[in-house]
Amino acid sequence: MALMTRPTPDPVSDQPGFLMHRLAFARRIAGTGYPFDEDASRALALEEAKRAFDPAGTARQITAIAVTGDRRSRLATISVRTLVIHGADAPLFLPACGQDTAKVIPKAEFMLIDGMGHDLPASLLPLIIDAIDRNARRA
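Numbers 1 to 139, taken from the UniProt record's numbering, label the letters of the sequence shown in order.
Heads up, some of the hints might be wrong.
Per label pair, the in silico range of CB-to-CB distance [to be verified]:
id, residue 1, residue 2, range
1, Gln99, Ile129, 21 to 27 Å
2, Glu47, Arg134, 27 to 33 Å
3, Ala43, Pro126, 20 to 26 Å
4, Asp114, Arg28, 16 to 22 Å
5, Asp130, Lys107, 16 to 22 Å
6, Asp130, Thr32, 19 to 25 Å
7, Ser123, Asp70, 33 to 39 Å
8, Thr32, Ile65, 36 to 42 Å
9, Leu46, Thr68, 26 to 32 Å
10, Pro106, Ala64, 23 to 29 Å
11, Pro126, Ile78, 42 to 48 Å
12, Ala96, Ser123, 22 to 28 Å
Simulated from the structure, these hints should not be mistaken for laboratory data. Keep in mind the model is a prediction, meaning the values are calculated, not measured. C-beta: ideal position from N, C-alpha, C; glycine also.
With the hints as constraints, model all of the structure from the sequences given.
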C-alpha cells in the first residue's frame, strides 16, 4: 500500500524517477514463480504515461474500491459461466478474495495459479487462454 500511495514522479520532468517508482511497484505485485520482465514493464509504464498521466488517479481508484462496499449480492446475479483467475502470490487481494468471488457467482470456476501475483506473466498466456476457451465452451 505504501508503494501504491507514494507520489509518483512526473514522467515528463523525471522519467528515471517515474520508471524507478513504477518498476518497484510492478516488481512488488509480481509473483515469485515467474521471471519479472523489466523491459515489458518499463515499456508498459511509458505507454500508459504517454496515453494519460493523472497523479490523483490512484487515490481515486483506492477510494472507489473502498466506497463500493460488499459486492456479493450483485455478483450472485451473474448468470453466465464465469472463470475467476487468481494468482496464489497476489499481494493486493489474497487468494481467499478470489475464492470468495467464485463461490458467490453461480456456476463459477476458480483457477488459482501458483507463483502468479497480481500481474500476468507472458509465459502463462497459453494456460489462461486455454482456460478461458474451456470456460466459454461449457456455456
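Problem set entry | Assessment of proposed distance window 27 to 33 Å (beta carbons of glutamate 47, arginine 134) | holds (31 Å)
Exercise. If you check the beta carbons of serine 123 and aspartate 70, does the distance land in 33 to 39 Å?
Worked result: holds (35 Å)
For this session: With 16 to 22 Å as the target window, see if aspartate 114 and arginine 28 comply at their CB atoms.
Result: Holds, since aspartate 114 and arginine 28 (Cβ atoms, about 18 Å apart) stay within the stated range.
For this session: Kindly confirm whether 22 to 28 Å is satisfied by the beta carbon distance between alanine 96 and serine 123.
Result: holds (25 Å)
For this session: Given the range 21 to 27 Å, decide if the beta-carbon distance of glutamine 99 to isoleucine 129 lies inside it.
Result: For isoleucine 129 against glutamine 99, whose Cβ atoms are near 22 Å apart, the range 21 to 27 Å holds.
Exercise. Is the gap between the beta carbons of proline 126 and isoleucine 78 within 42 to 48 Å?
Worked result: violated (26 Å)
Problem set entry | CB-CB spacing for threonine 32 and aspartate 130 relative to the 19 to 25 Å hint | Given range 19 to 25 Å: holds, Cβ gap about 23 Å.
For this session: Hint says 36 to 42 Å; check whether the CB-CB distance for threonine 32 and isoleucine 65 agrees.
Result: violated (25 Å)
Exercise. Is 20 to 26 Å right for how far apart the beta carbons of alanine 43 and proline 126 are?
Worked result: holds (21 Å)
For this session: For aspartate 130 and lysine 107, compare the CB-CB distance with the range 16 to 22 Å and indicate the outcome.
Result: Once the Cβ atoms are compared, 19 Å apart, the range 16 to 22 Å for lysine 107 and aspartate 130 holds.
Exercise. Using the C-beta atoms of leucine 46 and threonine 68, is the stated range 26 to 32 Å upheld?
Worked result: This hint holds: roughly 30 Å between Cβ atoms.
Exercise. So the hint says 23 to 29 Å: do the beta-carbon atoms of proline 106 and alanine 64 match that?
Worked result: Given about 26 Å between the Cβ atoms, the range holds.
When the structure is compared with the earlier hints, violations turn up for hints 8 and 11 and for no others.
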